[in-house]
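K.L.:
As you go down the protein sequences, you meet chains W and Z in turn. The first sequence runs 27 to 284 under our numbering. The second sequence runs 27 to 284 under our numbering.
Since the hints were made in silico from the structure, they are not lab data. Here the structure is a predicted model, which means the values were calculated and not measured. Incorrect hints may appear among the rest.
Pairs count within a copy or across copies, as identical chains cannot be separated in the list.
Here are the simulated PhoX-like pairs of lysine-lysine, each with C-alpha atoms no more than 20 Å apart in a straight line [unchecked claim]:
#1 LYS221 with LYS123
#2 LYS126 with LYS85
#3 LYS123 with LYS156
#4 LYS250 with LYS81
#5 LYS38 with LYS126
#6 LYS221 with LYS249
#7 LYS38 with LYS123
#8 LYS140 with LYS282
#9 LYS249 with LYS38
#10 LYS38 with LYS152
#11 LYS152 with LYS249
#12 LYS152 with LYS81
Protein chains: 2
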Amino acid sequence: MDSGVGGLTVAKEIIYQLPNEHIIYLGDTARCPYGPRPEEEVRRFTWEMAEFLYKQDIKMLVIACNTATAAALEEIRTAFDIPVIGVISPGARSAIKYTKNNHIGILGTAGTIKSEAYEHVLHSLKESIKTYPKACPKFVPLVESGEYNSSMAKKIVAETLSEMRQYPIDTLILGCTHYPLLQPLIEQYVGPKVKVISSGDETAREVSAILSYRGELHSRHEKKQNVFYTTGSPVIFGQVAREWMNDESIVVESVKLP
Amino acid sequence: MDSGVGGLTVAKEIIYQLPNEHIIYLGDTARCPYGPRPEEEVRRFTWEMAEFLYKQDIKMLVIACNTATAAALEEIRTAFDIPVIGVISPGARSAIKYTKNNHIGILGTAGTIKSEAYEHVLHSLKESIKTYPKACPKFVPLVESGEYNSSMAKKIVAETLSEMRQYPIDTLILGCTHYPLLQPLIEQYVGPKVKVISSGDETAREVSAILSYRGELHSRHEKKQNVFYTTGSPVIFGQVAREWMNDESIVVESVKLP
Chain W
27 MDSGVGGLTV
37 AKEIIYQLPN
47 EHIIYLGDTA
57 RCPYGPRPEE
67 EVRRFTWEMA
77 EFLYKQDIKM
87 LVIACNTATA
97 AALEEIRTAF
107 DIPVIGVISP
117 GARSAIKYTK
127 NNHIGILGTA
137 GTIKSEAYEH
147 VLHSLKESIK
157 TYPKACPKFV
167 PLVESGEYNS
177 SMAKKIVAET
187 LSEMRQYPID
197 TLILGCTHYP
207 LLQPLIEQYV
217 GPKVKVISSG
227 DETAREVSAI
237 LSYRGELHSR
247 HEKKQNVFYT
257 TGSPVIFGQV
267 AREWMNDESI
277 VVESVKLP
Chain Z
27 MDSGVGGLTV
37 AKEIIYQLPN
47 EHIIYLGDTA
57 RCPYGPRPEE
67 EVRRFTWEMA
77 EFLYKQDIKM
87 LVIACNTATA
97 AALEEIRTAF
107 DIPVIGVISP
117 GARSAIKYTK
127 NNHIGILGTA
137 GTIKSEAYEH
147 VLHSLKESIK
157 TYPKACPKFV
167 PLVESGEYNS
177 SMAKKIVAET
187 LSEMRQYPID
197 TLILGCTHYP
207 LLQPLIEQYV
217 GPKVKVISSG
227 DETAREVSAI
237 LSYRGELHSR
247 HEKKQNVFYT
257 TGSPVIFGQV
267 AREWMNDESI
277 VVESVKLP
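Only chain W is shown next, with the shape it has when bound in the complex:
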């Protein structure tokens, strides 16, 4: 689940790495973006999404939204009897693996950056890490409107990341699941010496590891269509989903929350 289309970057990787698994996706597009909202509101929306999906008889829940993960992962994890995975720890773990100089940049929504959730995980794993956080409030609207390839996108990326280019970072975390759609522009701007980490890729791998650890991986493929729900208009959602997932067969259903 995600505040909108961003979590599709995680779903895409899960489908690629675990094609035998059946995915039920929920994007809360009607109330996107979550980033600028008060934490209490994000927490409530996240619970509504979680309860909707829990009722679909799922075996694992992935909170594919950094803002929602920062606000509500721990309490949902405690309340549910299935594994609940967020996107922050996998992204942080991967950054620690890649950095050589321990200087890590973090891009995220206002909510994620304010929560200092990445700093918390990074420092609890490795105290010597230095972090360089930057809120990027213009990125999510760009992606949700399907404009992630435009010249405007290029301009906004350059403006937002100009100070990031001055820092001694060798690793940059895309701390929002919308940002991988801007990854080519971000990589071009920060240059080849900075390793850009997509939390989506890393989260998919942890989904696989934890299902495997619990002995709950599906070992056979069943021809069951993955399901995509949005709280908003299925039209733009469907366009982005079909293009980004490279799958013309995707059908998007509309749903109301709570």
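Based on the hints, put chain Z in the right spot on chain W.
P.N.:
Below, chain Z without anything else, positioned relative to chain W:
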């Protein structure tokens, strides 16, 4: 634990990614290599190592040896009340993430290749994967003798991998934890178009994910020296360990099994 020094490649990554954790390493150098031994014997040796470490009050056991993982992971995992992680699934998962054309090469010991353990995991995750396995019986003795940089090593790598270069693979799994010490030579031989996967790196990440999932990560660093045991002579083991781990302070203790 490993049949010898190979598992140090996994230990090194765990120490790098999780510097707050305390490592107890056991290398069964006296009976290395495991690769050419009958499965029943490998299983018995693996149990002996596992029981030795279990008595040290560990919270997780990593079987950092592909041959031992193939022979005994499942039964040790069932018997122990702590998480037991092998190196085969993490390597397979990572290969699936990286391959674009679904053609994956697998290098391993005779035992690992004969077990078809990688094929089993790869195909259960993704049926469409095509595998190209190759036993490399000369690699482990090279590494255990500390000769992994020599011109002889270069020659043996070229001889062993000549057919691998003919296959349409885009990803190559180093299915033995000794092989990362030969990784520069292997990468040079197969060329830049083939992504070489070290199961050690990937296993360290799964250790982190599973300890985090279980809420068992140490969040503070204690100045406690990691411990290294070998069943063989501590001299060569210590040389390889200090060079490979880049840590002059490593002391190796001798131990008898069972």
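K.L.:
Which numbered conditions among the earlier hints are violated in the structure presented, ordered from lowest to highest?
P.N.:
Violated: hints 2, 6, 8 and 12.
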